[in-house]
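Going down the list, the protein sequences come from chains A, B and C. According to my numbering, the stretch in the first sequence is residues 1 to 124, in order. According to my numbering, the stretch in the second sequence is residues 1001 to 1112, in order. According to my numbering, the stretch in the third sequence is residues 2001 to 2133, in order.
To be clear, the hints were calculated from the coordinates, so they are not data collected in a lab. From a predicted model like this one, the values you see are computed outputs, not experimental measurements. One or more of the hints may lead you astray.
[What the hints assert, rightly or not] Straight-line Cα separation of at most 30 angstroms, DSBU-like style, residue types lysine-lysine; simulated pairs:
| id | chain 1 | residue 1 | chain 2 | residue 2 |
| --- | --- | --- | --- | --- |
| 1 | C | Lys2069 | A | Lys16 |
| 2 | C | Lys2064 | A | Lys102 |
| 3 | A | Lys16 | C | Lys2116 |
| 4 | C | Lys2069 | C | Lys2101 |
| 5 | A | Lys102 | C | Lys2116 |
| 6 | C | Lys2116 | C | Lys2009 |
| 7 | A | Lys102 | C | Lys2101 |
[Stated by the list, open to error] Covered stretches of chain A, going by a simulated chain C footprint (3 or more residues, C-beta under 8 angstroms):
| id | stretch |
| --- | --- |
| 8 | 26-33 |
| 9 | 37-50 |
| 10 | 70-84 |
| 11 | 103-109 |
Ideal Cβ placement from N, Cα and C applies to all residues, glycine included.
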Amino acid sequence: MEDIVGMGIASDLLAKPGVIAVGEYAYRGDRFSYRGALTEEYARMASIMCRATTMGANMEGAMFEALRSGSGLHPPRGWVVHGPAHTVCVVANMFCLLDNTKASINDIVGFMCRELASVTPDMI
Amino acid sequence: MSMIRRLLALDGVNVVCHFRDDGYLIEGYGLMSRNDMDRLARFARDYRRMIQGNADQLAMFTNMRGWTPPRGWVVRGATQSVCGVANLVCVVDSSGAPLNEILLELREVSHW
Amino acid sequence: MTKLDDLMKLPGAMAAFEFRGSGELLEQRIAYPDRIDESILDLLAHMCAANMSIATMQARGWEKVTTMKGFYPVQEFTLIGFDWSVVVSGLHREQYKQAGKFSLPPFMGVVMANDKADYEAAFTILEQPESGQ
């Protein structure tokens, strides 16, 4: 990973049970980086999906804020997709792929939200 | 006359706005308050990015050429439609407005 | 005791709701009407319906293009807002679809305060079999 902060967080995440891969994606452009059991092509695809969904979530949060100021949803911190065997957790500009049988989603989400709290959505 | 203002001369075009990449309204003309034009600009910026994401994913999952880069979007409502090309957005009448011509004109103006 | 009532017992639960695939709000429970009201919940339901469709599209596309399985069907989608999170599940809808049924149950969701949010407990309740199953 190019970013020092991201590198530290990625290492910590990969050390947690059930974490298969960790990646960082750009809000603008298509730069990405990753670590773990993922091919470069799959990491690239994941970064595209993360960017698209995060843009949507930010649009939705802004809409809520326009409807009712202080709605508590804006700006969004991230999102999670929970499937039968895998979960994808995305907070700020990082994503994490989990094995459901081993990972604690609460722990991972809590960790990511704490560690990435200072990443502002200004660049979105 | 501003280049984009000429779009108002097209039949059925009620509002036209030009916005920055961050959603800030640069200029807007037509039957809409400034506040609403600010909102329209932010909405159009967000929609442009959403469509970019849609096109990227469609291309990625289908390996099909021809989706990216996306050229624009149209949301058609009961009486009003909103169409966006690049950093331009128009509100037009859903019936009577020559949407094909408007979209071509938007594309032309967006290159200036 | 309905599942909505069970969801409202989650730590930090602000609201629990059911909604159609087209986004229409159905049954609901709201803990603090001065913070979340029905109009907010209605927009939230439509947003969640859209996000479930997007996540499903992504899960299907991902499994098709890669060799990885276990993403589809999407069981829950969670949006982590600044202060609140909303978790929605379409698992029972998927089970009905796979059983070949056409009349599908609604989506179900819960809004929780982030400082207390227990996502796994929310998943557990949302994934509980429907009564009668």
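Against the structure, the hints come out as follows:
no. : hint                  : result
1   : C:Lys2069 / A:Lys16   : holds, 22 angstroms
2   : C:Lys2064 / A:Lys102  : holds, 25 angstroms
3   : A:Lys16 / C:Lys2116   : holds, 22 angstroms
4   : C:Lys2069 / C:Lys2101 : holds, 24 angstroms
5   : A:Lys102 / C:Lys2116  : holds, 22 angstroms
6   : C:Lys2116 / C:Lys2009 : holds, 12 angstroms
7   : A:Lys102 / C:Lys2101  : violated, 33 angstroms
8   : 26-33                 : violated (count 0)
9   : 37-50                 : holds (count 3)
10  : 70-84                 : holds (count 14)
11  : 103-109               : holds (count 4)
Going through the hint list in order, the structure does not satisfy hints 7, 8.
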